[in-house]
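Visitor: Heads up: the sequence lines are chains A and B, in that order. Be aware that the first sequence starts at 80, since it is given in the numbering used here, and climbs by one per residue. Be aware that the second sequence starts at 3, since it is given in the numbering used here, and climbs by one per residue.
If you are wondering where the hints come from, they were derived from the structure by calculation, not from laboratory data. Treat the hints loosely; a few may be bogus.
To be verified - The list that follows gives simulated cross-link-like pairs (lysine to any residue, SDA-like), each with its CA atoms no further than 25 Å apart:
hint, chain 1, residue 1, chain 2, residue 2
1, A, 227, B, 252
2, B, 243, A, 84
3, B, 72, B, 85
4, B, 75, A, 171
5, A, 90, B, 102
6, A, 305, A, 328
7, B, 75, B, 97
8, B, 243, A, 180
9, B, 242, A, 318
10, B, 243, A, 226
11, B, 75, B, 37
12, B, 243, A, 324
13, A, 227, B, 247
14, B, 75, B, 117
These numbers were taken from a predicted model, which means no experiment stands behind them.
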Amino acid sequence: MDSGDFLSILKERGQLPGAAEATQAVAQNGAPGMHTEGTTILALRYRDGVLVAGDRRATAGNVVVYDRAAKVLSVDDRSVLALSGSPANAYEIARLLEISFQHYRRTQLQELSLDGRLRTLSRLLRDNLPMAMQGIGAVVPIYITHEKDGPQAGGRIYFYDVLGANFETVDFCTTGSGSPIIRGALYFLNRWERPFVERDEAEALRLVLQMLETAAEFDTATGGFKSTAAIYPQVMRVTGDGITDISEADLATHYAHLQVGG
Amino acid sequence: MLDEPYRWVEAIRNRREYLADQLEGASPVVGVCYTDGVLLLTSTPGPRKVFEVYNQVAFAGVGHPADIEKLRKAIIDIAHVEAFNLSASDVSLQRLVAFGLGPLMKAAFDEIFRSPHIARVIVTELDPSDPLETFYTIDADGSFSPSGAAAAVAGTVDSAAAILAYLKGRDGSGESLTDALARALDAWAVGRVFAAREADKSSEDDEVAPTTQDDLATAVRDALVSGRIEAAVLDRRMPKKTKFRLLPAADIEGALARFR
Numbered sequence: 080m081d082s083g084d085f086l087s088i089l090k091e092r093g094q095l096p097g098a099a100e101a102t103q104a105v106a107q108n109g110a111p112g113m114h115t116e117g118t119t120i121l122a123l124r125y126r127d128g129v130l131v132a133g134d135r136r137a138t139a140g141n142v143v144v145y146d147r148a149a150k151v152l153s154v155d156d157r158s159v160l161a162l163s164g165s166p167a168n169a170y171e172i173a174r175l176l177e178i179s180f181q182h183y184r185r186t187q188l189q190e191l192s193l194d195g196r197l198r199t200l201s202r203l204l205r206d207n208l209p210m211a212m213q214g215i216g217a218v219v220p221i222y223i224t225h226e227k228d229g230p231q232a233g234g235r236i237y238f239y240d241v242l243g244a245n246f247e248t249v250d251f252c253t254t255g256s257g258s259p260i261i262r263g264a265l266y267f268l269n270r271w272e273r274p275f276v277e278r279d280e281a282e283a284l285r286l287v288l289q290m291l292e293t294a295a296e297f298d299t300a301t302g303g304f305k306s307t308a309a310i311y312p313q314v315m316r317v318t319g320d321g322i323t324d325i326s327e328a329d330l331a332t333h334y335a336h337l338q339v340g341g
Numbered sequence: 003m004l005d006e007p008y009r010w011v012e013a014i015r016n017r018r019e020y021l022a023d024q025l026e027g028a029s030p031v032v033g034v035c036y037t038d039g040v041l042l043l044t045s046t047p048g049p050r051k052v053f054e055v056y057n058q059v060a061f062a063g064v065g066h067p068a069d070i071e072k073l074r075k076a077i078i079d080i081a082h083v084e085a086f087n088l089s090a091s092d093v094s095l096q097r098l099v100a101f102g103l104g105p106l107m108k109a110a111f112d113e114i115f116r117s118p119h120i121a122r123v124i125v126t127e128l129d130p131s132d133p134l135e136t137f138y139t140i141d142a143d144g145s146f147s148p149s150g151a152a153a154a155v156a157g158t159v160d161s162a163a164a165i166l167a168y169l170k171g172r173d174g175s176g177e178s179l180t181d182a183l184a185r186a187l188d189a190w191a192v193g194r195v196f197a198a199r200e201a202d203k204s205s206e207d208d209e210v211a212p213t214t215q216d217d218l219a220t221a222v223r224d225a226l227v228s229g230r231i232e233a234a235v236l237d238r239r240m241p242k243k244t245k246f247r248l249l250p251a252a253d254i255e256g257a258l259a260r261f262r
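Okay, chain A solo, but in the shape it has when bound (with noise of 0.2 Å):
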């Protein structure tokens, strides 16, 4: 029976990303000196949904190499994929994601479940292993959906390890290399002051710049708000309407609100 799966196509084609063969090419010739990675990437759950935000730097060693990179890509409809690490990678899964899910949904005539788009996800990371292992393409992603229906309806968001494991959180996650700087602010202030998924969208955004600026201030790896150059951040809105960016007019008011320059 066929089963819709666009990535047994692929391998059965000999047109997967040979993680094999990048492997084997990297050990009889040394890995290259210089790999883009480092980012901060922050969802988080508040009242109509996910807010899903990362910063627009790609850092190679202490070198900035980009500084408009989009870490935050939609993947189908109803659910986005935010990414850190290393790029080449990243985007290939992101876009492999993407395919397989809308593959699978005009082969089988029926949306992949939750599970099945999860399961997905970590055989691209588990595919990956062997780059994640030389320490020149490990991958962490966050995959967020919005559910309509089912025992898992509403906003989800699921982090993932490089091997492929993932786990679902219940009221923010964070990743990359600015993340550790914020995580135990968002832990308090959600705990603390206010839950985040008691805030309306104006005041969870706010304190996504504010979270975004953070890391920035300590982190090398992740790219500030520069309104002389007009760099913002992604930030994406994931809800029971779909997927929407936040504009840069709306980001810039509320940069404006904060008292951030740039």
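On the provided structure of chain A, position chain B as indicated by the hints.
Guide: Showing chain B alone in chain A's frame:
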């Protein structure tokens, strides 16, 4: 024995006859353009016959359901591998047909110890680079041809030709979906009536009698007794990447009301 050219030609001729016989009673699929996109319409006793292939590509077929499924799966696989290896904008109908489905169906047809695909296929793309390639029809032997404003596949070649003759001269510009549904349904009924009269002919020389509105109404009513009308659109107004939308029964009902 089949290495003798005459035997091989005879075997191929037998296959053509076998396929013509198997496909003869198939309900047509009609494709027309309208202001906001492209419409595919057919009747079915139950299983779906019109499908999404890729963001801007749709597929429908007549024939054996298992063969239609095989071909549907094949074209979806080709489109998605193409989108993965290149990009979504490189998935074009012309390439899917000329380098994918056409050769696949021809290979099955030519291998005389293998079963051919008992199917005729119609595929369509929304806003292709060449407007004259909005539709492709592919016969069971793998031969394919493009068309612009309308296309049809049916149980017989003559029945499809009768549908196209009915649709000739209209390109769908300025036409609403409601009007396009009515026109496609009439065209479908023309093909159905033509095929029935063709089958009733006592000799090849007999002319097929002209079709009246009553004939069309009877064909539609008969289809509704044994099944339902199925229709889908590629709608360029859709805000998502995918432009395919299977029309709900309520949308089709407007076109059916005058026949009830």
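Visitor: Against this structure, judge whether each hint is valid.
Guide: Right, here's what the structure says about each hint:
no., hint, in the structure
1, 227(A) x 252(B), "holds, 24 Å"
2, 243(B) x 84(A), "holds, 21 Å"
3, 72(B) x 85(B), "holds, 20 Å"
4, 75(B) x 171(A), "holds, 24 Å"
5, 90(A) x 102(B), "holds, 19 Å"
6, 305(A) x 328(A), "holds, 14 Å"
7, 75(B) x 97(B), "holds, 16 Å"
8, 243(B) x 180(A), "holds, 14 Å"
9, 242(B) x 318(A), "holds, 16 Å"
10, 243(B) x 226(A), "holds, 20 Å"
11, 75(B) x 37(B), "violated, 30 Å"
12, 243(B) x 324(A), "holds, 16 Å"
13, 227(A) x 247(B), "holds, 19 Å"
14, 75(B) x 117(B), "holds, 17 Å"
The structure fails to meet hint 11 from the earlier list, while all remaining hints are met.
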